[in-house]
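Following the hints, complete the assembly by docking chains F, X and G onto the known chain R.
Protein chains: 4
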Amino acid sequence: MKWITKISTHKKGALYIRGKKLTKLIETLSFSETIFFILKGKLPKLNEKKLLDAILVSCVEHGVEVPSAYVPRVIISTGNQINSALAGGLLTIGDFHGGAIEKAAYYLQSNKSAKEIVRESLLKKEHIPGLGHKIYKDVDPRSKVLFKLAKKIKLSGKFIGKAQNIAKEFEKNSGKKLVLNIDMAIAACVSELGFSYKLGKAFFALGRLPGMIAHTYEEVTNEKPYRRFEESDVEYIGPKI
Amino acid sequence: MKWITKISTHKKGALYIRGKKLTKLIETLSFSETIFFILKGKLPKLNEKKLLDAILVSCVEHGVEVPSAYVPRVIISTGNQINSALAGGLLTIGDFHGGAIEKAAYYLQSNKSAKEIVRESLLKKEHIPGLGHKIYKDVDPRSKVLFKLAKKIKLSGKFIGKAQNIAKEFEKNSGKKLVLNIDMAIAACVSELGFSYKLGKAFFALGRLPGMIAHTYEEVTNEKPYRRFEESDVEYIGPKI
Amino acid sequence: MKWITKISTHKKGALYIRGKKLTKLIETLSFSETIFFILKGKLPKLNEKKLLDAILVSCVEHGVEVPSAYVPRVIISTGNQINSALAGGLLTIGDFHGGAIEKAAYYLQSNKSAKEIVRESLLKKEHIPGLGHKIYKDVDPRSKVLFKLAKKIKLSGKFIGKAQNIAKEFEKNSGKKLVLNIDMAIAACVSELGFSYKLGKAFFALGRLPGMIAHTYEEVTNEKPYRRFEESDVEYIGPKI
Amino acid sequence: MKWITKISTHKKGALYIRGKKLTKLIETLSFSETIFFILKGKLPKLNEKKLLDAILVSCVEHGVEVPSAYVPRVIISTGNQINSALAGGLLTIGDFHGGAIEKAAYYLQSNKSAKEIVRESLLKKEHIPGLGHKIYKDVDPRSKVLFKLAKKIKLSGKFIGKAQNIAKEFEKNSGKKLVLNIDMAIAACVSELGFSYKLGKAFFALGRLPGMIAHTYEEVTNEKPYRRFEESDVEYIGPKI
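Residue numbers (the working numbering), protein chains in the order written: chain R, 42 to 282; chain F, 42 to 282; chain X, 42 to 282; chain G, 42 to 282.
For reference, chain R alone in the conformation it holds in the complex (with noise of 0.2 Å):
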């Protein structure tokens, strides 16, 4: 089997990641940076640095009730390897958790306009992914906070627009608001850095993994091992016996 690369490779006992020496990065990169740096080739500026970093920490919790989060601790809780744990809770991300990032990014970098895809959405009556939320009706604290920086830090482009438009549109066309929720937000910043929606998933899980790995040591640190649900949390509808 052959590899062919352009991320890295060898020269002398050292290791060179595009192009530049590791040894290097270590002293002088920040993780971000280096993130940035692996993936583009190139380093960030300083407002790309920033909006990376914001995007990232926009994922880091969701609370112990979602399975990103229950699902590495349940895998510890059995008796298994923390990167085992983590490889679970990766396992989890999807189309109904996290994965609107992609489908989001998916669409603001398409060539359709923010008004031809609402329109073909509404006729084929489907959700526009990264529109709407449970509870927030008017906002979404955590997106406002996302286009504010990018706006401060001049990295709010076509995307994030259009994404705007995408939610005028959808109210002018169907007379309903709905907001841009975080995976919207995160697809858009996406968007604006150069990134390919195809990394949606890849930038929530690398996001995702420090409150994964914050819940698994919690759990094997301060709870019994095995975790199981009890009888009474199941309702058996099958023969009677």
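Rather than coming from a laboratory, the hints here were simulated on the basis of the structure.
Here the structure is a predicted model, which is why all the values come from computation and not from measurement.
Please note that the accuracy of each hint is not assured.
No copy is singled out in the list; a pair is fine if it fits within one copy or between any two copies.
Said to hold, decoys possible - Calculated lysine-lysine pairs in the DSS-like style (CA-CA distance at most 27 Å, straight line):
1) Lys195 / Lys156
2) Lys195 / Lys43
3) Lys65 / Lys153
4) Lys153 / Lys209
5) Lys53 / Lys185
6) Lys165 / Lys209
7) Lys193 / Lys86
8) Lys91 / Lys193
9) Lys281 / Lys185
10) Lys65 / Lys175
11) Lys86 / Lys65
12) Lys203 / Lys52
13) Lys65 / Lys91
14) Lys189 / Lys83
15) Lys193 / Lys61
16) Lys62 / Lys178
17) Lys218 / Lys52
18) Lys166 / Lys43
19) Lys47 / Lys83
20) Lys52 / Lys81
21) Lys165 / Lys144
Leaving out everything else, chains F, X and G in the frame of chain R:
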């Protein structure tokens, strides 16, 4: 099932992490500060943040040849989602791939002195985790950079000292010089920051994830699906057919 | 969280599956009968059991060259538990590795006729899942065996018929002969047994698991830890260093 | 990377497993016979096949309350593929969930006598894997069935004998009666069939998989996406907000 947690909670629709509002964190913290904060419940000092950055950056990439790089590429090449590919990457972290960090940190954080650790391991003819490297015989340049940085920012304390004593004791007792490799350097730095050895694999996982993302993205962008070996890569030694 | 299930329940400390006591199943059923029973809620007839056996056996091994064989080997070689290695193996099952079963079964179970399926796919220039093989140009011998068996035990019904019509229609319309490959044969047999196409990847996973177990065990018994590629397997095409 | 294997090879486009043509296996063997064959390289006798069936059936289902049932349901509920959900299920198998099979088999296959095993564990105040059950105080009915079957088919040999001696020695030395639970019974039967204790978790994984498939399928068929806990399931004990 009941979840008891100190990590986060909701109040009036807003998420609080370790007592601080998520939106505040998004506005004010970098990703590495947030990592420190969610794990420790307090903000890092500037030098702590810098050392954590260096630890994570030192894990980010090891070449496409290692399991945590090529396994995610293989998984995405079979048509799976990127989160599944990254999960597969985390599953390759183990005692023989990044796992020495946890083991070395365990020794560094134990009550045994460098002298005792070396004596016991020589008696049992057991390898000391974090000691020695296939290529580097004089010094591991990555360790050198980490130790230099830690010293410069005044975070080179008893754990790095103990690591260095282990190398000295080993040379004195065995007559053989072995370098403090990158696993030991990371283990010592993680210990200086006050993190439990139990997080060794977790820090490696987190630092590695951007490299895994870069590789899966390169694979899915540039390569045809489905990575398989050639029959010429196989030597069959089973029953004659 | 509430779980509603028809699959199993406890009564006086005993587990009942689909209404039958587990201990009774242990005493009386084979593994494949139990697989059929837990999925369907009824016992298989003798011919159904035989066909299910044949389906699962046909998935069991594909050579060490394929992702679902070598990835588990790699993961156990890095020092992980066997269950993590097998989990990694399951993650390699995807649209391009075993996934055609699900897609082919989807077509077979759809309302579209063989004629329509072929016409549409030719119009869209899309490949029909389950049609064609790299090596087998005349017949896929594994499909032949499955179809022969199904006929012999009187389970060759409308789905196998439809699969064969797809091949005939394709040849008629395109002038090109493509074999019904093993994915299509499995898809047709799974459909004959009344299982949803949604279980395509699941049957493949189940049938593959013994092969994965054999490979991980061979790896951990006979090989030194840590599988990595050589630098000579890599072609670096990134920035000059 | 070179792969050395006894398991399978190709010849003239046909796959041979342990020296036999795959198509021959499909025609002639049941799934459990094939499992035995691919792991051992020889066909099971009728009683060996029967015992392997009983072992696998005894693992198949434990109720929806256990991690290996509900975690796959959660993962498919977030919009992931069924193979990822099953992978997550395998990750929940660990020392505290199915893992006692491996540990108990390790003891049964060791050179230590039942007497020594009990004495040492009492001295170290360590629990003997496979001994005792939360509900069953007199006998574990599943173990009873397995042992009865093994006896009937003349496969109750030294390992089952040793398991029973461990229980007797334990009662004699501690004055406390503990049942041989299902993990111990499986461990003993696996040992009677000549399988290494290292396959303990693998047999459990294989036997459990049909149950996991049934649960993921039920979830995706009957439930709305995205399983999350309620805030009322959480007790927050972190910093005041």
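Here's how the hints hold up against the structure:
no.: 1; hint: Lys195 / Lys156; in the structure: within (25 Å within a copy, 57 Å between copies)
no.: 2; hint: Lys195 / Lys43; in the structure: neither (43 Å within a copy, 45 Å between copies)
no.: 3; hint: Lys65 / Lys153; in the structure: neither (42 Å within a copy, 34 Å between copies)
no.: 4; hint: Lys153 / Lys209; in the structure: within (16 Å within a copy, 41 Å between copies)
no.: 5; hint: Lys53 / Lys185; in the structure: between (49 Å within a copy, 17 Å between copies)
no.: 6; hint: Lys165 / Lys209; in the structure: within (19 Å within a copy, 36 Å between copies)
no.: 7; hint: Lys193 / Lys86; in the structure: both (15 Å within a copy, 26 Å between copies)
no.: 8; hint: Lys91 / Lys193; in the structure: both (11 Å within a copy, 26 Å between copies)
no.: 9; hint: Lys281 / Lys185; in the structure: between (53 Å within a copy, 25 Å between copies)
no.: 10; hint: Lys65 / Lys175; in the structure: between (46 Å within a copy, 22 Å between copies)
no.: 11; hint: Lys86 / Lys65; in the structure: both (18 Å within a copy, 23 Å between copies)
no.: 12; hint: Lys203 / Lys52; in the structure: neither (45 Å within a copy, 31 Å between copies)
no.: 13; hint: Lys65 / Lys91; in the structure: both (21 Å within a copy, 14 Å between copies)
no.: 14; hint: Lys189 / Lys83; in the structure: both (26 Å within a copy, 26 Å between copies)
no.: 15; hint: Lys193 / Lys61; in the structure: between (31 Å within a copy, 23 Å between copies)
no.: 16; hint: Lys62 / Lys178; in the structure: between (49 Å within a copy, 19 Å between copies)
no.: 17; hint: Lys218 / Lys52; in the structure: between (57 Å within a copy, 24 Å between copies)
no.: 18; hint: Lys166 / Lys43; in the structure: neither (46 Å within a copy, 30 Å between copies)
no.: 19; hint: Lys47 / Lys83; in the structure: within (13 Å within a copy, 39 Å between copies)
no.: 20; hint: Lys52 / Lys81; in the structure: within (21 Å within a copy, 38 Å between copies)
no.: 21; hint: Lys165 / Lys144; in the structure: both (16 Å within a copy, 24 Å between copies)
Going down the numbered hints, you'll see the structure goes against 2, 3, 12, 18, while the others check out.
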